[in-house]
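Number of protein chains: 2
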Amino acid sequence: MQLLPPALISLIEAFGNLPGVGPRTAERYAYFLLKAEPAVSHELYSSIEKMRDGVGYCQKTFALVEKGKEISDLYTDPGRDKTLIAVVAEPFDIVAIEKTSQYKGTYHVLGGLVSPIDGITPEQLHIKQLIHRIDEDKVQEVILATNASVEGESTALYIQQQIGKRKVKVTRLARGLPVGVDLEYADQITLGRALEGRTVL
Amino acid sequence: MQLLPPALISLIEAFGNLPGVGPRTAERYAYFLLKAEPAVSHELYSSIEKMRDGVGYCQKTFALVEKGKEISDLYTDPGRDKTLIAVVAEPFDIVAIEKTSQYKGTYHVLGGLVSPIDGITPEQLHIKQLIHRIDEDKVQEVILATNASVEGESTALYIQQQIGKRKVKVTRLARGLPVGVDLEYADQITLGRALEGRTVL
Numbered sequence: 001m002q003l004l005p006p007a008l009i010s011l012i013e014a015f016g017n018l019p020g021v022g023p024r025t026a027e028r029y030a031y032f033l034l035k036a037e038p039a040v041s042h043e044l045y046s047s048i049e050k051m052r053d054g055v056g057y058c059q060k061t062f063a064l065v066e067k068g069k070e071i072s073d074l075y076t077d078p079g080r081d082k083t084l085i086a087v088v089a090e091p092f093d094i095v096a097i098e099k100t101s102q103y104k105g106t107y108h109v110l111g112g113l114v115s116p117i118d119g120i121t122p123e124q125l126h127i128k129q130l131i132h133r134i135d136e137d138k139v140q141e142v143i144l145a146t147n148a149s150v151e152g153e154s155t156a157l158y159i160q161q162q163i164g165k166r167k168v169k170v171t172r173l174a175r176g177l178p179v180g181v182d183l184e185y186a187d188q189i190t191l192g193r194a195l196e197g198r199t200v201l
Numbered sequence: 202m203q204l205l206p207p208a209l210i211s212l213i214e215a216f217g218n219l220p221g222v223g224p225r226t227a228e229r230y231a232y233f234l235l236k237a238e239p240a241v242s243h244e245l246y247s248s249i250e251k252m253r254d255g256v257g258y259c260q261k262t263f264a265l266v267e268k269g270k271e272i273s274d275l276y277t278d279p280g281r282d283k284t285l286i287a288v289v290a291e292p293f294d295i296v297a298i299e300k301t302s303q304y305k306g307t308y309h310v311l312g313g314l315v316s317p318i319d320g321i322t323p324e325q326l327h328i329k330q331l332i333h334r335i336d337e338d339k340v341q342e343v344i345l346a347t348n349a350s351v352e353g354e355s356t357a358l359y360i361q362q363q364i365g366k367r368k369v370k371v372t373r374l375a376r377g378l379p380v381g382v383d384l385e386y387a388d389q390i391t392l393g394r395a396l397e398g399r400t401v402l
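Line order of the protein sequences matches chains A and B.
Counting along the first sequence from 1, when you hit position 20 you're at 20 in my numbering, and nothing is skipped either side.
Every number in my numbering is 201 more than the matching position in the second sequence, counting from 1.
So that you can see chain A by itself, here it is in the shape it has in the complex (with noise of 0.2 Å):
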């Protein structure tokens, strides 16, 4: 017996595919769809036909860009930094950094964490890419902006051992307590290097 329609079947089984989507939000966004005008499912899947043949990376700084753009305007614009480098792990990583409207420097996305687990190598990653960025564009600071996990640190070191001797200062993002999160409910690690890394008033 049918209960439902196959073509309902299928696109609840293709919502399903997405990250954190289990079968009943899957079939709620499915119902969504069906009951809803069709301008909105149109907008929805001409998007997604879309959106593959109009995103690029930047040949530079691996952002995302408009397909048929070889260099994102974060290197391009005058008013950017080109000797001050932030590395992230994601493109999503440059939108976080750009709403605190204080970094004024460039980007590297690296496209991903070296994770063993994962499979995933440092030579799968935008390193050499970024140590060329480093001679060609005589940067005087790396910013390591790769996430507090073991991924993001290990990462980190390996990018710091690529570095090597060249004249060139590698920072990272201060590890501490988030701004309006009670002392007491940190965590040890967190609180630790709060401590470790505390500054003089």
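The hints are simulated quantities; they were obtained by calculation from the structure and are not laboratory data.
Among the hints, erroneous ones may be present.
Which stretches of chain B does chain A cover? Using the computed rule of at least three CB atoms under 8 Å from a CB of chain A, they are [to be verified]:
{"#": "1", "segment": "210–219"}
{"#": "2", "segment": "234–240"}
Coverage of chain A stretches by chain B, computed from C-beta distances (three or more under 8 Å per stretch; other residues unrestricted) [to be verified]:
{"#": "3", "segment": "13–24"}
{"#": "4", "segment": "39–47"}
From the three backbone atoms N, C-alpha and C, an ideal C-beta is built for every residue, glycine too.
Chain A is fixed; fit chain B onto it per the hints.
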């Protein structure tokens, strides 16, 4: 300055229309599709595109059926008792009831619940068609399987009034303690209903 390519921003906005999807989740879905195999996004957009042309409504029960099929299998199947109708708000409620494997009657989908706040009047629901079925199929029992919410209860009451003096048993789903839930954690109203509806051992 363009932080993200327009094609990706459009997709993030389109995902943001789905129920319960905020900007961060939409970004996560979009970035997943960008990194996934092309087949994954093809499956999703083509199933959204095809869905509307593949799904119709049963002319009897208003359940979801394959386009072109007039009447749902759940009605035409000879094993189904046409004199017993479970009235549900939405098509997916049928799936939930079918999973119990305890029901052998037919269904009637209202297409919503009476809700003055959302501007849903009884005339917009398939209530007239239900009354017609009751007369035509010589229905013995109508189970009002609507939610235990204000809208569900008031819709049930309205249907009961419309059925009027017809010789048909009108029942509703039992309210009481969900299986596996501790009595002390049940809310007052549920516990009150469980007391009211207590059964003889």
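Verification of the hints:
no., hint, result
1, 210–219, "holds (count 7)"
2, 234–240, "holds (count 4)"
3, 13–24, "holds (count 7)"
4, 39–47, "holds (count 7)"
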